[in-house]
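Visitor: Sequence:
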Amino acid sequence: MSQQLSEQEIIRRNKLDKLKALNINPYPAPLYPVTHYSADIKKLFSEETKEQFSNVCVAGRIMSLTDRGKVFFIKIQDSKGIIQLYVRKDDVCEGEDKTLFDEVIKHLIDLGDIIGVTGFVFITRTGEISIHAKSFTLLTKSLKPLPVVKRDEEGNVYDEVTDPEFRYRQRYADLIVNPEVKNTFLKRTQMINAMRAFLNERSAVEVDTPVLQPIPGGAAARPFVTHHNALDIPLYLRIANELYLKRLIVGGFDWVYEFSRDFRNEGMDRTHNPEFTILEWYTAYKDYFWMMETTEQLFEKIALTLHGTTEVKVGETTISFKTPFKRITIYDAIKEHTGFDVSEMDEAKLIDVCKQLNIEADETMGKGKLIDAIFSEKAEDKFIQPTFIIDYPVEMSPLTKKHRSKQGLVERFELMINGKELANAYSELNDPIDQRERFEEQSRLMERGDEEAMFIDEDFLRALEYGMPPTSGIGIGIDRLCMLMTNQSSIQDVLLFPQMRPERRTDEA
RNA sequence: GAUCUCGUAGCUCAGCUGGUAGAGCACAACACUUUUAAUGUUGGGGUCUUGGGUUCGAAUCCCAACGGGAUCACCA
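Its first residue numbered 171, the first sequence is counted upward by one per residue in the working numbering.
Hints in this document: simulated from the structure, not taken from any laboratory. Yeah, the Cβ is synthetic: ideal placement off N, Cα and C, and Gly gets one too. Incorrect hints may appear among the rest.
[Said to hold, decoys possible] Below 27 Å or equal to it, Euclidean Cα-Cα: the simulated DSSO-like pairs (lysine-lysine) are:
| hint | residue 1 | residue 2 |
| --- | --- | --- |
| 1 | Lys537 | Lys548 |
| 2 | Lys552 | Lys537 |
| 3 | Lys483 | Lys548 |
| 4 | Lys314 | Lys188 |
| 5 | Lys357 | Lys590 |
| 6 | Lys304 | Lys276 |
| 7 | Lys250 | Lys483 |
| 8 | Lys519 | Lys572 |
| 9 | Lys483 | Lys352 |
| 10 | Lys250 | Lys188 |
| 11 | Lys190 | Lys213 |
| 12 | Lys496 | Lys525 |
| 13 | Lys304 | Lys240 |
| 14 | Lys492 | Lys471 |
| 15 | Lys471 | Lys352 |
| 16 | Lys471 | Lys505 |
| 17 | Lys456 | Lys576 |
| 18 | Lys471 | Lys456 |
| 19 | Lys519 | Lys492 |
| 20 | Lys576 | Lys519 |
| 21 | Lys185 | Lys304 |
| 22 | Lys314 | Lys190 |
| 23 | Lys245 | Lys320 |
| 24 | Lys212 | Lys259 |
| 25 | Lys519 | Lys537 |
| 26 | Lys525 | Lys505 |
| 27 | Lys240 | Lys259 |
| 28 | Lys572 | Lys496 |
| 29 | Lys213 | Lys268 |
| 30 | Lys268 | Lys320 |
| 31 | Lys250 | Lys190 |
| 32 | Lys213 | Lys314 |
| 33 | Lys220 | Lys314 |
| 34 | Lys320 | Lys276 |
| 35 | Lys245 | Lys314 |
| 36 | Lys352 | Lys320 |
| 37 | Lys212 | Lys190 |
[As the list claims (entries may be wrong)] So the derived label-pair ranges between C-beta atoms look like this:
| hint | residue 1 | residue 2 | range |
| --- | --- | --- | --- |
| 38 | Pro198 | Val319 | 27 to 33 Å |
| 39 | Thr205 | Pro404 | 52 to 58 Å |
| 40 | Thr269 | Val327 | 34 to 40 Å |
Please model the complete structure; the sequences and the hints are all you need to start from.
Guide: Quick look at the structure:
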């Protein structure tokens, strides 16, 4: 099988051969002693500090080449930004041999190649901080031409690469060519670091629990199944890690957390990828009121860390992460947005309400699912500013402790921001007998045809029987939080490598 | 999974109601040696996603497949 090469790719391979003929290794092995980054030079260089920049070594990818006869202006991009190199023939070729300049730099170097130079920093006639090169080294030859994006002084972009398919499939090229993309992912890491710091400051313990689970528990979702050959058993990629973290609370950890990569075998769209990240944590001797306070503090801290303010612009709206967040019960939320008081209704009445509100409903849906349907159809997207929706009906929360004073409800909240659920938390159910009954209720739902009802996890029940202290736990959708904090409208823009259909290879023999 | 929509050069796009492809950037050569998306001249590069159909003739119309996006459904 042979690769179908474009004209430009063939030219680059010919250049590769010419470089080798000149005894220049296009992929040299030795380390390259980089001393400075572009952005730091641009920030710190001045008349006063210029002594510190009299001998710098930088490396990066060529993003622009300007041939000016005996002088080349080359812009390279390193991990922090772009800087201009001033490459003069007689400076990089001191002796009689001018091959490096006349051949290599003039003809064999391309956009996209990775080079390094040493030299001193100065300011050009046009006022741009640049590096006057004393030596020039090719570090990597690029064989595939990058899309060429140009920017002018005002920041206008020409020929911007916007094709989502190209950007997601070839994220490496997207990152080279679209600097804001890289910035989004740096923000994502910053956000996760801030969350980790917040938890560690409070003595929470980060743990790892199984991704391959014999029983996929802790959430209502369809799992991916795989098979373990040696044990000859099915294993599931986790849909949540909740039940394992709770086992650790039983074991005596007071506060555990995990950034959990979860997998759900469901549809993909702007807010769903088959694998995604949830931060879950569980804290002993706490309840959901404490959890609300801690959660709003965390969110406020994230906003401050990333934006330096609690006011964050998302699309056209500004979201305020200033604590405290609003709280409203789910029944009040439904009443507020539909006029129906569903708090006392049974299944039949709920189905009737669904019909009146034009919501699809059928017999397989239990009371919990019906209420959830009404809420998510008619109320959910109305909550733009951070709001805790609290006190859910017991039927839709099989892992949650019954409410301390309200009959038929559980101590649970969901945090809604910009019309989307960002977090889900409870006072955890720790009564093993109650938990068994809830699982059994889930089994009945499964028999009625609910594909997402939970399995009974006997080992988890055994752990609860040893006794789990009163505990509050939460799950926070990291990808969606990241979308919010970086103002992205698609989950694919906060995942480095979003799931895509495989490309069809046309060059197979 | 359903519906709508898009698929032309390495990239961004043009190509009217069907008459067998065009621009800018990128690339190559030459000239010019004066930096700032943009020096000039010349040139090379496309089985117009794929496969069928209608037609004398299809990038253009129809059908299907493949891939992307949007909306909906399921869900976080």
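Visitor: Now look at each hint and say whether the structure bears it out.
Guide: Structure-based check of each hint:
1. Lys537 / Lys548: Since the Cα atoms of Lys537 and Lys548 sit roughly 17 Å apart, the hinted pair holds (cutoff 27 Å).
2. Lys552 / Lys537: 23 Å, holds
3. Lys483 / Lys548: 25 Å, holds
4. Lys314 / Lys188: Holds: Lys314 and Lys188 sit about 17 Å apart, inside 27 Å.
5. Lys357 / Lys590: Holds, because 21 Å separates the two Cα atoms, which is no more than 27 Å.
6. Lys304 / Lys276: Roughly 16 Å separates the two Cα atoms, so the pair holds.
7. Lys250 / Lys483: Holds: Lys250 and Lys483 sit about 25 Å apart, inside 27 Å.
8. Lys519 / Lys572: 23 Å, holds
9. Lys483 / Lys352: 19 Å, holds
10. Lys250 / Lys188: 32 Å, violated
11. Lys190 / Lys213: Violated: Lys190 and Lys213 sit about 38 Å apart, past 27 Å.
12. Lys496 / Lys525: 30 Å, violated
13. Lys304 / Lys240: 14 Å, holds
14. Lys492 / Lys471: Answer holds: Lys492 to Lys471 is near 9 Å, not above 27 Å.
15. Lys471 / Lys352: 23 Å, holds
16. Lys471 / Lys505: Distance of about 33 Å is beyond 27 Å: violated.
17. Lys456 / Lys576: Satisfied, since the Cα-Cα distance of roughly 19 Å is no more than 27 Å.
18. Lys471 / Lys456: Measuring from Cα to Cα gives roughly 21 Å; hence the hint holds.
19. Lys519 / Lys492: 39 Å, violated
20. Lys576 / Lys519: 21 Å, holds
21. Lys185 / Lys304: Roughly 24 Å between the alpha carbons, so the hint for Lys185 and Lys304 holds.
22. Lys314 / Lys190: 18 Å, holds
23. Lys245 / Lys320: Satisfied, since the Cα-Cα distance of roughly 12 Å is no more than 27 Å.
24. Lys212 / Lys259: 24 Å, holds
25. Lys519 / Lys537: With Cα atoms ~10 Å apart, Lys519 and Lys537 stay inside 27 Å; holds.
26. Lys525 / Lys505: 16 Å, holds
27. Lys240 / Lys259: Status holds; Cα separation ~5 Å.
28. Lys572 / Lys496: The hint holds at about 22 Å.
29. Lys213 / Lys268: 34 Å, violated
30. Lys268 / Lys320: 31 Å, violated
31. Lys250 / Lys190: Violated, because 31 Å separates the two Cα atoms, which is more than 27 Å.
32. Lys213 / Lys314: Violated - the C-alpha atoms of Lys314 and Lys213 are around 32 Å apart, more than 27 Å.
33. Lys220 / Lys314: The hint is violated at about 37 Å.
34. Lys320 / Lys276: Since the Cα atoms of Lys320 and Lys276 sit roughly 21 Å apart, the hinted pair holds (cutoff 27 Å).
35. Lys245 / Lys314: Satisfied, since the Cα-Cα distance of roughly 18 Å is no more than 27 Å.
36. Lys352 / Lys320: Judged against 27 Å, a Cα distance of about 17 Å means the pair holds.
37. Lys212 / Lys190: 35 Å, violated
38. Pro198 / Val319: 27 to 33 Å: Distance hint for Pro198, Val319 holds at roughly 28 Å.
39. Thr205 / Pro404: 52 to 58 Å: With a Cβ separation near 55 Å, Thr205 and Pro404 satisfy 52 to 58 Å, so the hint holds.
40. Thr269 / Val327: 34 to 40 Å: 37 Å, holds
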